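For chain A, the structure is supplied; the task is to place chain B on it using the hints.
Read off the chains here:
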Amino acid sequence: MKAVFTFSLMTLRMLFRRRTLWGILLVILLALAGIASVPSFDVSNQGRFILDFGLFGIEVGALLLALGLAATLFPRDRETRTLMPLIAVPLARWQYLLGRFMGAALVQAAALLVTCLGLMLILLFHRLPIPGDLLPATLLIIIEGWFLLSTVFFFSFFTSPPLNWPLTTMLFIVSQMSVAEFVGIMPSAPGLMRTIRMILPHADVFHIKDPIAHGFEIEPVYFLIAIFYGLCYSAFMLSLALAVFRGRDLK
Amino acid sequence: MKRVCIPISTLILIPVTLTLLLFTGCQTDYDITDVAPADFLDSEEHAPHDCDIDHDHSDGECEEESPEELPLDDHVEDSHAGHDHAPGTRNHGTQWFFNQPWAAPFIWKKLFRDGGIFLALAVAVFFISGRRRKK
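Residue numbers (numbering that gives the first Met the number 0), protein chains in the order written: chain A, 0 to 250; chain B, 0 to 134.
Keep in mind that the hints were calculated from the coordinates and are not lab data. Since we're looking at a predicted model, the values are computed, not measured. Each residue gets a CB set at the ideal place from its N, CA and C atoms; glycine is no exception. One thing to keep in mind: the hints can contain errors.
Said to hold, decoys possible - Listed next, the stretches of chain A that the computed footprint assigns to chain B, with coverage defined by at least 3 CB atoms under 8 Å from CB atoms of chain B: (1) 165-179; (2) 200-208; (3) 219-233; (4) 237-249.
To be verified - Computed footprint of chain A on chain B, listed as stretches where at least three residues anywhere in the stretch have a Cβ under 8 Å from a Cβ of chain A: (5) 93-100; (6) 103-115.
To be verified - Ranges of calculated distance between the beta carbons of each label pair, as one might list FRET restraints: (7) B/Lys108 x A/Met9: 35 to 45 Å; (8) A/Leu120 x B/Arg130: 48 to 58 Å; (9) A/Val37 x B/Phe96: 16 to 26 Å; (10) B/Tyr29 x A/Ser159: 49 to 59 Å.
The following block holds chain A by itself, in its conformation from the complex (with noise of 0.2 Å):
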């Protein structure tokens, strides 16, 4: 495990020294500041209008940086040839693959938590109070960035960067569909896509911005069923990825 530790700090401090990251971090930020700063009109309290709002455009913004960060990873590591002799001697391909989601995971959680204190400001700024559970919903948005990150990388590991964005958008759109939404799609066949939904991710269980917005109290044994439930959702899109990678000839 030295080994994926000593490559996810290599993966760290490249996606740091990359512009990417900041340029991304810098529109999440903007379009914080934007949203504290559209009346609420009739909702009764502006506090809650910010928060729902933030708290989706923090939600949005995981979604950028998974692919910002990880989209062309693996396939810059081949074309400048640096994949080569990495994974000829010192790491496996399981370690490889590892070594850069700790990387990119790493970055992408530093980057949430930045927009998470931004929102924080924001609302102090507004003199409005800043509820208890901001830090748990950015967490818990956080595990749902590592799984859209262990889904770019099953992407990329087949797909183009291009071709890879529209395809992870396109599951994160779908992951967020309730069962009956998603049998609508195809209703002539509700038991196939039943089925379907229950190998897609349930986007939801990841969502708790309205509760917090209106002042409800969350069961801490929820957080942890949702963080278990997303960690082992990206483990199983990590292994599908390492299955495509192992597969795949590099020469």
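Just chain B, lined up with the frame of chain A:
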């Protein structure tokens, strides 16, 4: 003749995963409203109202005026005008809010089970894909 060696972990995980997938509950997916217990759904019928007149109303609406006596547009507006719901309760206007996983403890076991299945699948795929490469 080459000797084929399959790891014990793979031999255990594959049948366990298949068994889990063949459970009736695992074969198809469902929404919260599909499996919600009656008391969860009934809470919208019995949510406390602050009606002007205290009386029974089985359809969740107060009946100071019967729907037939109202014009269509007035009925839409007035059907909710005669009563108030206690804040933070499930009712006909807040179903979407309470039909989310955080508010439905009866679905948490399913989430836990799904997580276990995905984890088992992940381990199985990891070992199986590794075996293919060794060949």
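Quick rundown of the hints versus the structure:
1. 165-179: holds (count 3)
2. 200-208: n = 5 at 8 Å, threshold three: holds.
3. 219-233: holds (count 9)
4. 237-249: Held - the segment 237-249 of chain A has 7 residues with a Cβ nearer than 8 Å to chain B, which meets the minimum of three.
5. 93-100: The restraint on the segment 93-100 of chain B holds, since 3 of its residues have a Cβ under 8 Å from chain A and three suffice.
6. 103-115: holds (count 7)
7. B/Lys108 x A/Met9: 35 to 45 Å: 41 Å, holds
8. A/Leu120 x B/Arg130: 48 to 58 Å: Given a distance of about 52 Å, which is inside 48 to 58 Å, the answer is holds.
9. A/Val37 x B/Phe96: 16 to 26 Å: 22 Å, holds
10. B/Tyr29 x A/Ser159: 49 to 59 Å: Given range 49 to 59 Å: violated, Cβ gap about 37 Å.
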